[in-house]
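Chain B: place on chain A using the hints.
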Amino acid sequence: MLKAFPKDKLTAVLDTLAKQATLWVPSVVASVSRFAPYGPDREVQLGANTVMSPKEALFPATEKIYEYSAYGIDGEFTPVDPSVGPQILFGLRSCDMQGILCLDDVFLTRGYVDDYYAKKREEATLVTLGCVTPGPDCFCYAMGVNPAEHEASDAQLFDLGDAYGIVARTAKGEALVSALAAAGLLVESNKAPLPTGDFVLKVDAEGITEKLQHMFDHPLWDAFSRKCLNCGACAYICPTCHCFDISDKKRNAHCGVKIKCWDTCMYAEYALMAGGHNPRPSKKERVRQRFMHKLRYFPERYGKLQCTGCGRCIAKCPVNLEITDVIQQVREAKIDG
Amino acid sequence: MREINAKLTQEMGDLARDLLASGEVKGVFGWTKGSRWYLTPPVFITKPEEADQLCYDEFAVNNLTGLLLDFRDSQDKIAIFVKGCDSRGIVRLVQDNQLKRENVLVIGVPCPGMGDKGAVTDHRQAQELPLLAKCLECRYPNPVLADRTIGGVTVTTEPSAAPSGATAEAAKGRGVGSKQADRFAQVEAIEKMSPDERSAFWQAQNEKCIRCYACRNICPACNCRECIFDSDKKNWVNKAATPTDNAFFGITRAMHVAGRCVECGECERVCPMDIPIMAMNRKLIGDLNELFGPYDAGVKPEEKPPLGAFKLDDPEEFM
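Protein chains in written order, with my numbering: chain A, 341 to 677; chain B, 148 to 466.
Pulled out of the complex, with its shape left as it was, chain A reads as follows (with noise of 0.2 angstroms):
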C-alpha cells in the first residue's frame, strides 16, 4: 500500500505546500518551461521536464555576495544572508536530483563549502516525481540514473494513472508527507506506479571515462569542435555545469556589490589569465574541456559522471553538438599507441 493523492488534489496539495515554504514547480513562464514559485496563477506542468533545469531554486543565475564601499582607508563590507527561507522543489524528475548530488560533491565536499549554495540545499526540500514518458533528448539510463525513482530525494512521487503515491525518504519527506496527511489530502493506493516508457536515443557509456584518459589529443576534439558556436546555452541549462565568476556590479568608483554569476568554459574569457595569456585559446580546448569534464574530471574526482542524461543541451545546442554523440564516436576512437 502507498500513500497517495488523487491527480484532481494536486491544487490542494499544492497550496498546502505553498503555505510551509517557497515551492519551486515546474511551470511555464513567458513560454519558457521552468521552475518557478508557485502561485495563484501558476500553470503546473508535470507531464514533460523543464527548458530550465532546477538548479538555479539552489544557484541562481546571479546572486549578490556581498555589498562594499570603499573611500580612501576606510572601508566597510556588508555580507549577504544566503538564506531564501525554506524551499520545497516539486515534481524533479531524476536526472535533476542526480544534477543536484552533483552540484553537492562541487559545493560541499573536499574541504570547501559554499555558504550560498549549503544554505539554500539545507533549507531545501526535495520531493522527485518518477518519469514515465522520457522526453525525445532523454538518455538518463545510459548515465546511471533510474527515470522511476532516485534515492537522494526527499520525498518521491510516483504516478499511479489516477493519483500520486508518495514516499517519505528523509526526515525533511516525512514532515511533508505528514503535513499532507494532516490536511486531509492522502488516501491509501494498491495501485502500482506506471513503467517508464521507451527512450528514442539509444547510448552506452560503458568505458567512457577510461578511454578519455588516452584521448586528450586525439583530433576528434578538433572535429567537434569546427560547428560549435561556443555561446553558453547548453551549461546554462545544464543540472549539473556549476562554474560561476566573481565579478562586481559597482555604482561608482568606491562602491558596489559583488556578484556570483554563472560562467561557462564556452566561453574564451572564461580561462583568460591576467597578462594575457589563454591556456584555452581555441573553441577545440574549449569543447574538450566541456566534456572532458562531465565524462573523465568529474568521475575521476568525484566517482560519479557530471552528466545526467537529462537531454536538455541535446534538444538545444543550436548546431546538434550532442553529447550522446561525442560518447559515441569517443568510445569508437582508435587510439594510437
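Hints in this document: simulated from the structure, not taken from any laboratory. Please read all numbers here as calculations on a predicted model, not as lab measurements. Among the clues, some could well be false.
Stated by the list, open to error - Covered stretches of chain A, as calculated for chain B (at least 3 residues, CB under 8 angstroms): (1) 366-375; (2) 588-598; (3) 655-662.
As the list claims (entries may be wrong) - Simulated crosslink set (SDA-like; lysine to any residue; CA at most 20 angstroms straight-line): (4) A/K674 - B/T193; (5) B/K224 - A/D562; (6) B/K180 - A/G425; (7) A/K590 - B/K380; (8) B/K381 - A/D588; (9) A/K347 - A/N592; (10) A/K590 - B/D377; (11) A/K598 - B/K380; (12) A/K404 - A/R461; (13) B/K194 - A/D588; (14) B/K381 - A/G615; (15) A/K624 - B/L283; (16) B/K430 - B/P448; (17) A/K674 - B/E196; (18) B/K380 - A/N592; (19) A/K598 - B/K430; (20) A/K598 - B/V384; (21) B/K180 - A/K404; (22) A/K542 - B/T268; (23) A/K343 - A/D502; (24) A/K624 - B/P462.
Using N, Cα and C, we set each Cβ at its ideal position, and we do this for glycine too.
Then chain B, alone, in the frame of chain A:
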C-alpha cells in the same frame, strides 16, 4: 521530395569531393544527417573521403556563414554551401571586411523551405512538418551570390523572386515566401500595445535571457573580434543576468546589427529561451526603411549599409 534530396545530396558530395581532391579548397562547410530524422546539423570536412557525410534536406536549417569567422585570419580557401538566406551572410562578412571574397568558394543550393522541428510529434518516424515562420516570410529563397550552384538554382539579387531549381515546386507547395507581407506583423502588434503593456512584454523577455549569447554567436553580422559583453573590465557592462543588464545586452545587440541584419532569423531560432529577437531586428529594419529608404542588407556587396555611409540628404531630425 526524398528523391530530390537524394539527388542534391549526391551532387553536393560529388562537388565537395572534387574540390577537396583537387586542392581547390582546404575545407567545406555543409550539413550532415543528425541523430534524428528532423535534424540536419552543420559539418566541416577536410578530406575527399569525408564527402559522403554531407546531406541536404528540409532540415538543413543552420546558416553556416558565421562559422567562416573561424577562418578570418586564415589564407585557406574554404567552400561553403548556402541557401538564399545564408548567402546574404556571405555578403555581410565580405562587406564587413571579415572575409576576403577570394578565400571563400560559395556554392548556392536550392531551398525547399525548412521544417519546424518544434512541431515534431513522432521522434522516431518522419512526418510532414510545417515551415518555420522565417521561411514563410522569406523574400530571398535563391542565393544572392554564388561561385557554383547545385540543383539548378538561379542566382539573383531580386527580392521576392520565386524559388528556383530542383526544389522550386516543393518550396512553392510548402508555402515558402507565402507570408512575405506579414514580415512586420509582430512589430506592428507590439507597437499597438500601450506603453505599459509593451514595457511588461519586453520586461518578461528580458527576465528570460540567460546571456548564453547563442544569438550573437550564430549571427554573421555579430562579427566583432571582441564583444564588449565578453568582458566586464571596462565597466560598461557587467555579467549579472538581471532584466536591466539583459535589456542592455539585447538592445545593444539589436542596435549593433541595425542596417546589417540579413534576416536569416537564426538568432531567434537558436534562442533557448524563446525570445522574439527578430521582432527587435525587424523594428530597426522598418525604421531604417522609413528613414533612409528601402534597403535589404547583405544583398548587393557594392551597396553600403545605410548606417555605414554618409549622404548629404540623410535625415537628421534629432539634431
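Here is what the structure says about each hint:
no.	hint	in the structure
1	366-375	holds (count 4)
2	588-598	holds (count 3)
3	655-662	holds (count 6)
4	A/K674 - B/T193	19 angstroms, holds
5	B/K224 - A/D562	18 angstroms, holds
6	B/K180 - A/G425	49 angstroms, violated
7	A/K590 - B/K380	11 angstroms, holds
8	B/K381 - A/D588	11 angstroms, holds
9	A/K347 - A/N592	53 angstroms, violated
10	A/K590 - B/D377	17 angstroms, holds
11	A/K598 - B/K380	14 angstroms, holds
12	A/K404 - A/R461	17 angstroms, holds
13	B/K194 - A/D588	48 angstroms, violated
14	B/K381 - A/G615	16 angstroms, holds
15	A/K624 - B/L283	36 angstroms, violated
16	B/K430 - B/P448	23 angstroms, violated
17	A/K674 - B/E196	18 angstroms, holds
18	B/K380 - A/N592	14 angstroms, holds
19	A/K598 - B/K430	36 angstroms, violated
20	A/K598 - B/V384	14 angstroms, holds
21	B/K180 - A/K404	45 angstroms, violated
22	A/K542 - B/T268	19 angstroms, holds
23	A/K343 - A/D502	13 angstroms, holds
24	A/K624 - B/P462	47 angstroms, violated
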